[in-house]
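Q: Based on these hints, arrange chain X on the given structure of chain V.
There are 2 protein chains.
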Amino acid sequence: MDNKLMLMIPGPTPVPEQVLLALAQHPIGHRSGEFSAVMAEVTQNLKWLHQTQNDVLVLTVSGTGAMEAGIINFLSPGDRVLVGSNGKFGDRWAKMSAAFGLEVEAITAEWGQPLDPEAFRQKLEADTDKTIKAVIVTHSETSTGVLNDLETINRYVKDHGQALIIVDAVTSVGAVNLPIDEWGIDVVASGSQKGYMIPPGLGFVCVSDKAWQAYETAKLPRFYLDLGSYRKAAQKNSNPFTPPVNLMLGLQTALRMMKAEGLDNIFARHQRLMQATRAAIEALSLPLFAPDNAASPAVTAVAPVSIEAEKIRSVMKKRFDIALAGGQDHFKGKIFRIGHLGFVCDRDILAAIGALEATLRELGYESMTPGAGVSAAARVLTQS
Amino acid sequence: MDNKLMLMIPGPTPVPEQVLLALAQHPIGHRSGEFSAVMAEVTQNLKWLHQTQNDVLVLTVSGTGAMEAGIINFLSPGDRVLVGSNGKFGDRWAKMSAAFGLEVEAITAEWGQPLDPEAFRQKLEADTDKTIKAVIVTHSETSTGVLNDLETINRYVKDHGQALIIVDAVTSVGAVNLPIDEWGIDVVASGSQKGYMIPPGLGFVCVSDKAWQAYETAKLPRFYLDLGSYRKAAQKNSNPFTPPVNLMLGLQTALRMMKAEGLDNIFARHQRLMQATRAAIEALSLPLFAPDNAASPAVTAVAPVSIEAEKIRSVMKKRFDIALAGGQDHFKGKIFRIGHLGFVCDRDILAAIGALEATLRELGYESMTPGAGVSAAARVLTQS
Numbered sequence: 001m002d003n004k005l006m007l008m009i010p011g012p013t014p015v016p017e018q019v020l021l022a023l024a025q026h027p028i029g030h031r032s033g034e035f036s037a038v039m040a041e042v043t044q045n046l047k048w049l050h051q052t053q054n055d056v057l058v059l060t061v062s063g064t065g066a067m068e069a070g071i072i073n074f075l076s077p078g079d080r081v082l083v084g085s086n087g088k089f090g091d092r093w094a095k096m097s098a099a100f101g102l103e104v105e106a107i108t109a110e111w112g113q114p115l116d117p118e119a120f121r122q123k124l125e126a127d128t129d130k131t132i133k134a135v136i137v138t139h140s141e142t143s144t145g146v147l148n149d150l151e152t153i154n155r156y157v158k159d160h161g162q163a164l165i166i167v168d169a170v171t172s173v174g175a176v177n178l179p180i181d182e183w184g185i186d187v188v189a190s191g192s193q194k195g196y197m198i199p200p201g202l203g204f205v206c207v208s209d210k211a212w213q214a215y216e217t218a219k220l221p222r223f224y225l226d227l228g229s230y231r232k233a234a235q236k237n238s239n240p241f242t243p244p245v246n247l248m249l250g251l252q253t254a255l256r257m258m259k260a261e262g263l264d265n266i267f268a269r270h271q272r273l274m275q276a277t278r279a280a281i282e283a284l285s286l287p288l289f290a291p292d293n294a295a296s297p298a299v300t301a302v303a304p305v306s307i308e309a310e311k312i313r314s315v316m317k318k319r320f321d322i323a324l325a326g327g328q329d330h331f332k333g334k335i336f337r338i339g340h341l342g343f344v345c346d347r348d349i350l351a352a353i354g355a356l357e358a359t360l361r362e363l364g365y366e367s368m369t370p371g372a373g374v375s376a377a378a379r380v381l382t383q384s
Numbered sequence: 001m002d003n004k005l006m007l008m009i010p011g012p013t014p015v016p017e018q019v020l021l022a023l024a025q026h027p028i029g030h031r032s033g034e035f036s037a038v039m040a041e042v043t044q045n046l047k048w049l050h051q052t053q054n055d056v057l058v059l060t061v062s063g064t065g066a067m068e069a070g071i072i073n074f075l076s077p078g079d080r081v082l083v084g085s086n087g088k089f090g091d092r093w094a095k096m097s098a099a100f101g102l103e104v105e106a107i108t109a110e111w112g113q114p115l116d117p118e119a120f121r122q123k124l125e126a127d128t129d130k131t132i133k134a135v136i137v138t139h140s141e142t143s144t145g146v147l148n149d150l151e152t153i154n155r156y157v158k159d160h161g162q163a164l165i166i167v168d169a170v171t172s173v174g175a176v177n178l179p180i181d182e183w184g185i186d187v188v189a190s191g192s193q194k195g196y197m198i199p200p201g202l203g204f205v206c207v208s209d210k211a212w213q214a215y216e217t218a219k220l221p222r223f224y225l226d227l228g229s230y231r232k233a234a235q236k237n238s239n240p241f242t243p244p245v246n247l248m249l250g251l252q253t254a255l256r257m258m259k260a261e262g263l264d265n266i267f268a269r270h271q272r273l274m275q276a277t278r279a280a281i282e283a284l285s286l287p288l289f290a291p292d293n294a295a296s297p298a299v300t301a302v303a304p305v306s307i308e309a310e311k312i313r314s315v316m317k318k319r320f321d322i323a324l325a326g327g328q329d330h331f332k333g334k335i336f337r338i339g340h341l342g343f344v345c346d347r348d349i350l351a352a353i354g355a356l357e358a359t360l361r362e363l364g365y366e367s368m369t370p371g372a373g374v375s376a377a378a379r380v381l382t383q384s
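Here the protein sequences line up with chains V and X, keeping their order. According to full-length UniProt numbering, the first sequence is numbered sequentially starting from 1. According to full-length UniProt numbering, the second sequence is numbered sequentially starting from 1.
Here chain V stands alone, though its shape is the one from the complex (with noise of 0.2 Å):
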């Protein structure tokens, strides 16, 4: 049906319809008293989003362009870093790093597994002579449906003592409990079409101390990322550069509903959606690409047998107007993703899960109870 579609996908993700209002206010100027209003308000609603008192700072980027500006502010060239790499986006950060000339070891996993703690573990202890200089991680890899345990990883940085933790929070942030200044995360890196519930356009870097203080001695060049400058500017609620003024009030908009919400609802929300989701999946025989222990709270990728991922996408997406995300590079075609992130509630799941299930009879599948899906489900749904 025109104009109907759903997006369950890990972004964009639904935009609430007074976020959508905000964002077609005629723009105001970006150096007049009423924006550096906006700014001064958005800023502290970041600040308390990332649960932080360190910077937060906003850039018109997409989430590559925060994780890029993430990395190369707090490294020089030739730097030894660790980066994690179990997906799409792990591997990008580690290609990313390459481009910069940094020394890049990456710690890898298969794709849909977890990467191993351990193995940051090892690395960090053999390195007496402190020359790793950052370890890189995704903490929920959008393109798995993984969530890496980050909370260890870090305890391994933190015993390490040197090096920086820098973390793409892309699907994180808004979604899963990171609390960065209980577990002294360095750089925190996201954007906004996840968990802000803003379409994309805007990135965020949150920068510890310690990060500022490797600051000043890196030598990677940079001009419009260089987060000094939007330091600065954040200091005086102003910008380096014009932002993009109508995505911020839509920003705006959307962080005070996170806050009359309240964090820990936020999380436990999305818990419950993906509880609800892979209940689900399991229940109609459909195989999960992640494990139960490593299940990202913002996407669930499935991985069915007897049937074709991109056949089921298609007549989710024509048959009952609901966008799931494909599988990517490698695993195009093989998977298929839900995103149940930002402004999802508990009966989007029932009509994607609903919608999952005539999807599979009007495929041919004979591997599931009818109703079994949408049972599953609703038991979790109204259990929590």
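Keep in mind that the hints were calculated from the coordinates and are not lab data. One thing to keep in mind: the hints can contain errors.
For identical chains, the list gives no copy identity; a pair is met inside one copy or between any two copies.
Said to hold, decoys possible - In silico lysine-lysine, DSBU-like type, Cα no more than 35 Å apart, as pairs:
{"id": "1", "residue 1": "Lys130", "residue 2": "Lys4"}
{"id": "2", "residue 1": "Lys232", "residue 2": "Lys95"}
{"id": "3", "residue 1": "Lys88", "residue 2": "Lys219"}
{"id": "4", "residue 1": "Lys317", "residue 2": "Lys236"}
{"id": "5", "residue 1": "Lys317", "residue 2": "Lys219"}
{"id": "6", "residue 1": "Lys47", "residue 2": "Lys259"}
{"id": "7", "residue 1": "Lys236", "residue 2": "Lys88"}
{"id": "8", "residue 1": "Lys332", "residue 2": "Lys232"}
{"id": "9", "residue 1": "Lys311", "residue 2": "Lys123"}
A: Chain X in isolation, oriented as in the chain V frame:
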């Protein structure tokens, strides 16, 4: 009056209602067929707007990010570049080039005056070893309202034969004729919140074949701003990184409006608005900051003598709900700037000049004949 602000600053510029409504659409997936269709249309229309067959690539950045991409993709550390610098933005490109380790030779002019093409000719003719790799010029200098003589400077670059010409056209694309293919301009960078009539958040880089050849050997590190990735994706009507879907929908609408108006009409309108504004300022005995032969059709800067620029801006805003821009850097408080760029019609100029007259009256300015400003503007507008 609340919610009645009229933007007469050189960016963000006014946004048409249908563009605002396009922005407020629920986002669609950026990997969907629907979005590819948007990309295909937008790419075609961007080529039309740029009067070119070259690639016009869309990035999620401010104008500064677009210029950075336009520089770092085609040059290597130590490369010698001539940078024209007669305002805040020219200065910025000199600083940026230095930040990336280029050997910068600045060709300067006083703020408010145009660059002297002869200075470029001399440097370029003297360069018989062809060590100059690029000439970087701001076409319309937003900070001063000066339009540099790009056509002549470019002719000398063409005589040189080797150097690329890289142009900041942030406030000239969609405002003043810039026939990229006819002149053979290699790299042209611009931003969405100007002639494009949409809010900030998108940057554009137009790249010639000669520039792509330079790209092959250019050694400055890049990843998020690597234009090769954007070109490769654009060939499939896609993007290397998540694009700001809503801004792209706004862009689609704005480009359709621009096509309906026609390039010649758009340029004639900006010319008319500039002439009307300048005639009015002169009729009010206020000093124009830029000379007639180098006046930008995007923005008119005024340097009042007997009356404070910031007081004028303050009354214009408080009493008449018109936002004007102030001076930047060392011209803060010394000039004010009237933006007449993008979605601005003849009526807007009459309103702004009428309000300016009333403001001058309120501030006790005596060197004017009441009505002279509006009358002079009206004369220009009705003649053309």
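Q: Taking the hints in turn, state whether each one holds.
A: Verification of the hints:
1. Lys130 with Lys4: Classified as neither: same-chain Cα gap 55 Å, cross-chain 59 Å, threshold 35 Å.
2. Lys232 with Lys95: both (30 Å within a copy, 17 Å between copies)
3. Lys88 with Lys219: Classified as both; 27 Å inside a copy, 25 Å across copies.
4. Lys317 with Lys236: between (46 Å within a copy, 22 Å between copies)
5. Lys317 with Lys219: neither (48 Å within a copy, 44 Å between copies)
6. Lys47 with Lys259: within (11 Å within a copy, 44 Å between copies)
7. Lys236 with Lys88: between (37 Å within a copy, 20 Å between copies)
8. Lys332 with Lys232: So Lys332 and Lys232 pass the 35 Å test across copies only (19 Å; inside, 43 Å).
9. Lys311 with Lys123: neither (43 Å within a copy, 63 Å between copies)
Violation of the numbered hints given earlier is confined to hints 1, 5 and 9; the remaining hints are satisfied by the structure.
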